[in-house]
Amino acid sequence: MTTTHFSDEIIIAYADGELEPDQRAALERQMEADGDLADRVARLAESRVRAKAALAPLLNEPVPAALSANIAAMVDKAEQASSADDATIVSLAARRRHGLSAGFARWDMPIAASVALVMGTAAGFLIATYWTDTPPGLRVANLEQAGLVAALNTIPAGDESNIGAGDRFRAIATYRDADGAVCREFEVDHADTSTVVAVACRPAAAWELQFAVVADQNNDGYAPASSLESLDAYLTAVGAGEPLSPDDEKTVLDGLN
Amino acid sequence: MPDAFSQELVALLPNLRRFAIALCRSRDIADDLVQTTCEKALQARASYQPGTRLDAWLFRILRNSWIDQTRRQKTEGPRIDVADAHFLVGQDGERTTEARLALDATAKAIATLPDDQREVLIMVCVEDLTYREAADVLSVPVGTIMSRLARARRKLVDQLGIDTPTKRSEDQKGLM
Numbered sequence: 001m002t003t004t005h006f007s008d009e010i011i012i013a014y015a016d017g018e019l020e021p022d023q024r025a026a027l028e029r030q031m032e033a034d035g036d037l038a039d040r041v042a043r044l045a046e047s048r049v050r051a052k053a054a055l056a057p058l059l060n061e062p063v064p065a066a067l068s069a070n071i072a073a074m075v076d077k078a079e080q081a082s083s084a085d086d087a088t089i090v091s092l093a094a095r096r097r098h099g100l101s102a103g104f105a106r107w108d109m110p111i112a113a114s115v116a117l118v119m120g121t122a123a124g125f126l127i128a129t130y131w132t133d134t135p136p137g138l139r140v141a142n143l144e145q146a147g148l149v150a151a152l153n154t155i156p157a158g159d160e161s162n163i164g165a166g167d168r169f170r171a172i173a174t175y176r177d178a179d180g181a182v183c184r185e186f187e188v189d190h191a192d193t194s195t196v197v198a199v200a201c202r203p204a205a206a207w208e209l210q211f212a213v214v215a216d217q218n219n220d221g222y223a224p225a226s227s228l229e230s231l232d233a234y235l236t237a238v239g240a241g242e243p244l245s246p247d248d249e250k251t252v253l254d255g256l257n
Numbered sequence: 001m002p003d004a005f006s007q008e009l010v011a012l013l014p015n016l017r018r019f020a021i022a023l024c025r026s027r028d029i030a031d032d033l034v035q036t037t038c039e040k041a042l043q044a045r046a047s048y049q050p051g052t053r054l055d056a057w058l059f060r061i062l063r064n065s066w067i068d069q070t071r072r073q074k075t076e077g078p079r080i081d082v083a084d085a086h087f088l089v090g091q092d093g094e095r096t097t098e099a100r101l102a103l104d105a106t107a108k109a110i111a112t113l114p115d116d117q118r119e120v121l122i123m124v125c126v127e128d129l130t131y132r133e134a135a136d137v138l139s140v141p142v143g144t145i146m147s148r149l150a151r152a153r154r155k156l157v158d159q160l161g162i163d164t165p166t167k168r169s170e171d172q173k174g175l176m
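Chain order of the listed sequences is A and B.
For the first sequence, position 110 matches number 110 in the numbering used here, and the numbering has no gaps at all.
For the second sequence, position 42 matches number 42 in the numbering used here, and the numbering has no gaps at all.
It cannot be assumed that every hint is accurate.
[What the hints assert, rightly or not] Pairwise CB distance ranges (calculated):
(1) B:A4 - A:V63: 38 to 44 Å
(2) A:A178 - B:I67: 24 to 30 Å
(3) B:R132 - A:A191: 49 to 55 Å
(4) A:S82 - B:R27: 19 to 25 Å
(5) A:P21 - B:T96: 43 to 49 Å
(6) B:I67 - A:E20: 20 to 26 Å
(7) A:P21 - B:E98: 20 to 26 Å
[Claimed, not checked] Far from chain B, some chain A residues (derived; all Cβ distances over 12 Å):
(8) R29
(9) S47
(10) S82
(11) T236
[What the hints assert, rightly or not] In the BS3-like style, the derived pairs of lysine-lysine whose C-alpha atoms are separated by at most 30 Å in a straight line are:
(12) B:K155 - A:K250
(13) A:K77 - B:K40
(14) B:K40 - A:K52
Please keep in mind that the hints were generated in silico from the structure rather than gathered at the bench.
We put the CB at the ideal spot given by N, CA and C, even for glycine.
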């Protein structure tokens, strides 16, 4: 019978249950006949048991009180921050159901996060881009659907409509900007589950995209709070007025058509 | 009520502390390192993948923090003499029994291993990470884990005179 030399690497992998089945079988076959090999396996396996036992007392040392206290405080602080986050996460589905009223409430909220936050997290970020000027090859927030302009012109806040290619348009609010131009906050759910939160204004005869955040929606239909915080920051920055009442909005939309 | 992540983080503090002591060889520095690690972990918790081992993820943060720190200070850790290698010996006051002395001898032998071997030994043999998990913590191939671990365990076997269970009996000892 030919004997193979097994390295310490192979032996510890065997002892640790990390060896591939065919190597394991070969080593076991040889161990039956080779007492020295069996010894090496036993000793190297024992080294693990010893190491674990030797460092067990360290685990039983009490964690110093100061360290425990600091970390407990850190955890508390993180919990508070995350529950504050939860409060500002707005379900897109809920906003759809509540239409304007959810939009109103949100606009009064303090701006909790800087716009820059969004860039590193879940959302791509585009601001003040005119879609009419979109260079070829750049999809501006995936908003090139033909049906979008018609939807902007007709769908009242709180209502939805299909705009083709599996995309859904949802009007959130209509307001006038500081210059008196009609603006609309809206969302588009793309078939690929991303949601665009956007604002378009109509200073003259054409709609211009002023703001868009592409938020990856999770399975529950929630957009990251950061995308809505950046919208709040934008609305504040441009001096957006209060959303129009349904009657006023109807008058404005009728005037567009 | 802390959530599951925070609860598990707090429950792992003794393990983090043990790993930190093994890395930086000082309880005081280790405690600072554990605190830094928890701070970073809480900030970065969104990047933790649920279902994977939280301890492995924390070890990675801890180790990277330690490397950053030593790199900034541009200091190598002090060379450890066998005589000074008490940092892994437990401090629970119980140190008289023969069994306890054997444990302490093992702890000292582990303490004198080269850093790269010691950290792998602790992750795999003490914290029960798989080779793959340990390789991910260190960003090295599995083969590197195996060779460091084999060298570490070979040293322990030789230094501590680890014998096989069958040969520990008196009558066979004389034959060796």
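Which numbered hints fail: Violated hints: 1, 2, 3, 4, 6, 7, 9, 10 and 12; rest satisfied.
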